[in-house]
Amino acid sequence: MEINGKKVVVIGGASGMGRASAELLAARGASVAILDREGSDGKDVATALGARFMRWTSPTSPGPRKPCRLRSTIWAVCM
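So for the sequence shown, the UniProt record's numbering puts the first residue at 1; every next one is plus one.
Just so you know, not all the hints are guaranteed correct.
Pairs of lysine to any residue residues, derived as SDA-like cross-links and limited to a Cα-Cα distance of at most 25 Å, are as follows [said to hold, decoys possible]:
1) K6 <-> D41
2) K6 <-> A30
3) K7 <-> S40
4) K43 <-> L24
5) K7 <-> T47
6) K6 <-> G16
7) K6 <-> D44
8) K7 <-> K43
9) K43 <-> I3
10) K6 <-> L24
Simulated from the structure, these hints should not be mistaken for lab results.
Model the full assembly from the supplied sequences, consistent with the hints where possible.
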């Protein structure tokens, strides 16, 4: 599969399998956007990969709620 030049959103890309996926996709030339929860290492991972980062606040997260819709979030990071 050709990955170079594709736009990819990795949900949960701050750690574990999501991070490994983001790293692999970036290494193969994809334009990566990492979507992860606030307080994660997502911003640092994105910076290291030259990727974009957007925090995700779930409607069920503790603290101030600023839920975002997945579709509008993906649109924002891909455009």
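Tested hints:
1. Our distance criterion of 25 Å between C-alpha atoms is met by K6 and D41, whose separation comes to about 24 Å.
2. Between K6 and A30 the alpha-carbon distance is near 5 Å, which keeps this suggested pair within the 25 Å criterion.
3. Our distance criterion of 25 Å between C-alpha atoms is met by K7 and S40, whose separation comes to about 22 Å.
4. Taking the CA atoms of K43 and L24, the gap is about 17 Å. The hint holds against a cut of 25 Å.
5. As the CA atoms of K7 and T47 are separated by approximately 16 Å, the hinted pair is consistent with the 25 Å bound.
6. Between K6 and G16 the CA atoms are separated by roughly 22 Å; this keeps the pair inside 25 Å, and the hint holds.
7. Distance hint between K6 and D44 is fulfilled; the C-alpha atoms sit about 22 Å from each other, no more than 25 Å.
8. Simply put, K7 and K43 have alpha-carbon atoms about 18 Å apart, close enough for the 25 Å limit, and the pair holds.
9. Taking the CA atoms of K43 and I3, the gap is about 23 Å. The hint holds against a cut of 25 Å.
10. This hinted pair checks out: K6 and L24 have alpha carbons roughly 13 Å apart, not beyond 25 Å.
Violated hints for the displayed structure: none, as all numbered hints are satisfied.
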